[in-house]
Amino acid sequence: RKEVEQDPGPFNVPEGATVAFNCTYSNSASQSFFWYRQDCRKEPKLLMSVYSSGNEDGRFTAQLNRASQYISLLIRDSKLSDSATYLCVVNQAGTALIFGKGTTLSVSS
Amino acid sequence: DAGVIQSPRHEVTEMGQEVTLRCKPISGHDYLFWYRQTMMRGLELLIYFNNNVPIDDSGMPEDRFSAKMPNASFSTLKIQPSEPRDSAVYFCASSLGQGISAFFGQGTRLTVV
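Chains A and B are the protein sequences, given in the same order. Quick note: the first sequence uses this note's numbering, first residue 20, plus one each step. Quick note: the second sequence uses this note's numbering, first residue -8, plus one each step.
One thing to keep in mind: the hints can contain errors.
Unchecked claim - Pairs of lysine-lysine, DSSO-like flavour, derived with a Cα cap of 27 Å:
{"id": "1", "chain 1": "A", "residue 1": "K98", "chain 2": "A", "residue 2": "K120"}
{"id": "2", "chain 1": "A", "residue 1": "K98", "chain 2": "A", "residue 2": "K64"}
{"id": "3", "chain 1": "A", "residue 1": "K21", "chain 2": "B", "residue 2": "K15"}
{"id": "4", "chain 1": "A", "residue 1": "K98", "chain 2": "B", "residue 2": "K69"}
Calculated directly from the structure, the hints in this document are not laboratory data.
Required output: the full structure, derived from the provided sequences and hints.
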């Protein structure tokens, strides 16, 4: 079983839609959680950290369920510029960041 | 800061040749990571360093791969001899502390023919 699993998509949504991505992780010792964004042929960049209580950054909301080992990302009012691949990332003590394979989002006008 | 700097950006080489990828981390960062990305396998951790010391190289595919970090501002990933299946994008990343988000370089796109 892969350590971090994501639905690869693609998710094709119209502008203004709300879209949610999910991610599961296998190691219950995981301590830090992030969402990264990767544009085509570019490097991954941090979108937001994920905190136990859930957190919001503008149109983006991240949630963590430690009991179910589940992370989510909600994007409201999708923009064309949100089209990218979204990578779920976890970290355990003593290890490096472990990346999911990503979920591809395509927002159309 | 200029961010993580990798060179070259693109490399095309023939099978059997030696390939050296270079990375300059963000100044002051004490962790450096090498990742490889392919369509099939996504982003895979190859090796990471803490304060120039290799901590975990279990992701290095085989003995053909080696990595060094002679000082805090420079690291290399070497493949010798290269094979077509090594074709991928190789990313270097650095972070200040562990469990902290990492910053990535622009990557080296390697093609082995």
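Mind listing which of the numbered hints don't hold for this structure, in increasing order?
When the structure is compared with the hints, numbers 3 and 4 turn out to be violated.
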